[in-house]
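**Q** Working from the sequences, and respecting the hints, build out all of it.
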Amino acid sequence: NAGVTQTPKFRVLKTGQSMTLLCAQDMNHEYMYWYRQDPGMGLRLIHYSVGEGTTAKGEVPDGYNVSRLKKQNFLLGLESAAPSQTSVYFCASSYGLTGGYTFGSGTRLTVV
Amino acid sequence: RKEVEQDPGPFNVPEGATVAFNCTYSNSASQSFFWYRQDCRKEPKLLMSVYSSGNEDGRFTAQLNRASQYISLLIRDSKLSDSATYLCVVIARGDSNYQLIWGAGTKLIIKP
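Protein sequence lines correspond, in order, to chains H and A. Position 26 of the first sequence, counted from 1, bears residue number 26 in our numbering, the numbering being contiguous throughout. Position 51 of the second sequence, counted from 1, bears residue number 51 in our numbering, the numbering being contiguous throughout.
Hints listed in this document are in silico derivations from the structure and should not be mistaken for laboratory results. Some clues are possibly wrong.
[Stated by the list, open to error] Output of the computed footprint for chain A on chain H, the stretches with three or more beta carbons under 8 Å from beta carbons of chain A:
id, region
1, 42-51
2, 84-98
3, 102-109
[What the hints assert, rightly or not] Derived lysine-lysine pairs resembling DSSO-like cross-links, with alpha carbons at most 27 Å apart:
id, chain 1, residue 1, chain 2, residue 2
4, H, 71, H, 57
5, H, 14, A, 42
6, H, 71, A, 42
7, H, 71, H, 9
8, A, 111, A, 42
9, A, 79, A, 111
10, A, 2, H, 57
11, A, 45, H, 9
12, A, 45, H, 71
13, A, 79, A, 42
14, A, 107, H, 9
15, H, 57, H, 70
16, H, 70, H, 9
17, A, 45, A, 2
18, A, 42, A, 2
19, H, 57, H, 9
20, A, 107, A, 2
21, A, 42, H, 9
22, H, 57, A, 45
23, A, 107, A, 45
24, H, 57, A, 42
25, A, 79, A, 45
26, A, 79, A, 107
27, A, 45, H, 70
28, A, 42, A, 107
29, A, 45, A, 111
30, H, 57, H, 14
By construction, the Cβ of each residue, glycine as well, lies at the ideal position given by its N, Cα and C atoms.
**A** Spelled out as structure tokens, the structure:
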């Protein structure tokens, strides 16, 4: 039982490049989330999904897009990376919106 | 004032001691509360939910004080393995969605 799997674990991008972060969960959770974590700040919600085919904006959605074409997968896209997007990105899933979350191991992204 | 605040620490505590820290929140409509622990360069992991009546899980006790708008985490007989950053998350129902706000975490260091 893998739980939540994120790929890649590390990535360096040049300003203006694009990339997609992949998140997969095998717990049949309806809810999935993308967070970013920066030093001295709490986890900030980028986008989330309450089910297959649905997405919603979180606290800091600008510069990111997401898709949930399959229940088990939640993709986060950066269309034109900026240095301000240097961060650690965590994907999470949960059974309910107010339930405990299971996190992936994170993606460390550096934009230069 | 931040919506969810935690003392960043670090709390340096000798092994075997009892330590407690709080997480204050500003939204009086907050409904659900959780404590997570995060080891260095790892993902957050659910430690425990916080119930209105307070709850205990082994050496850990979580309490909610709605009047003063904070939750607390108490660790008894601390172990070296308790060294981590402890994050709180507060969930409130908004007009059209839920708000999930994370504290920036309290760093705990248990010393032999």
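**Q** Now look at each hint and say whether the structure bears it out.
**A** Going down the list of hints, with the structure as the test:
1. 42-51: holds (count 4)
2. 84-98: The restraint on the region 84-98 of chain H holds, since 3 of its residues have a Cβ under 8 Å from chain A and three suffice.
3. 102-109: Since 5 is at least three, the answer is holds.
4. 71/H to 57/H: Cα-Cα ~18 Å, so holds.
5. 14/H to 42/A: It holds: about 25 Å lies between the C-alpha atoms, which stays within 27 Å.
6. 71/H to 42/A: 25 Å, holds
7. 71/H to 9/H: 22 Å, holds
8. 111/A to 42/A: 21 Å, holds
9. 79/A to 111/A: Between residue 79/A and residue 111/A the Cα gap is close to 9 Å, so the pair holds against 27 Å.
10. 2/A to 57/H: Holds, at roughly 20 Å.
11. 45/A to 9/H: Status holds; Cα separation ~18 Å.
12. 45/A to 71/H: With a Cα-Cα distance of about 22 Å, the restraint between residue 45/A and residue 71/H holds, given a limit of 27 Å.
13. 79/A to 42/A: 19 Å, holds
14. 107/A to 9/H: The given pair, whose Cα atoms are some 24 Å apart, holds under the 27 Å limit.
15. 57/H to 70/H: 18 Å, holds
16. 70/H to 9/H: 22 Å, holds
17. 45/A to 2/A: Holds, at roughly 23 Å.
18. 42/A to 2/A: 25 Å, holds
19. 57/H to 9/H: Holds, at about 24 Å.
20. 107/A to 2/A: Since the Cα atoms of residue 107/A and residue 2/A sit roughly 18 Å apart, the hinted pair holds (cutoff 27 Å).
21. 42/A to 9/H: 11 Å, holds
22. 57/H to 45/A: Holds, because 24 Å separates the two Cα atoms, which is no more than 27 Å.
23. 107/A to 45/A: Holds - the C-alpha atoms of residue 45/A and residue 107/A are around 15 Å apart, at most 27 Å.
24. 57/H to 42/A: 25 Å, holds
25. 79/A to 45/A: Since the Cα atoms of residue 79/A and residue 45/A sit roughly 18 Å apart, the hinted pair holds (cutoff 27 Å).
26. 79/A to 107/A: Status holds; Cα separation ~14 Å.
27. 45/A to 70/H: 25 Å, holds
28. 42/A to 107/A: At roughly 14 Å apart (the allowed maximum being 27 Å), residue 107/A and residue 42/A satisfy the hint.
29. 45/A to 111/A: Holds, because 22 Å separates the two Cα atoms, which is no more than 27 Å.
30. 57/H to 14/H: Holds, at about 25 Å.
Figure legend: structure checked against the earlier numbered hints; every hint is met.
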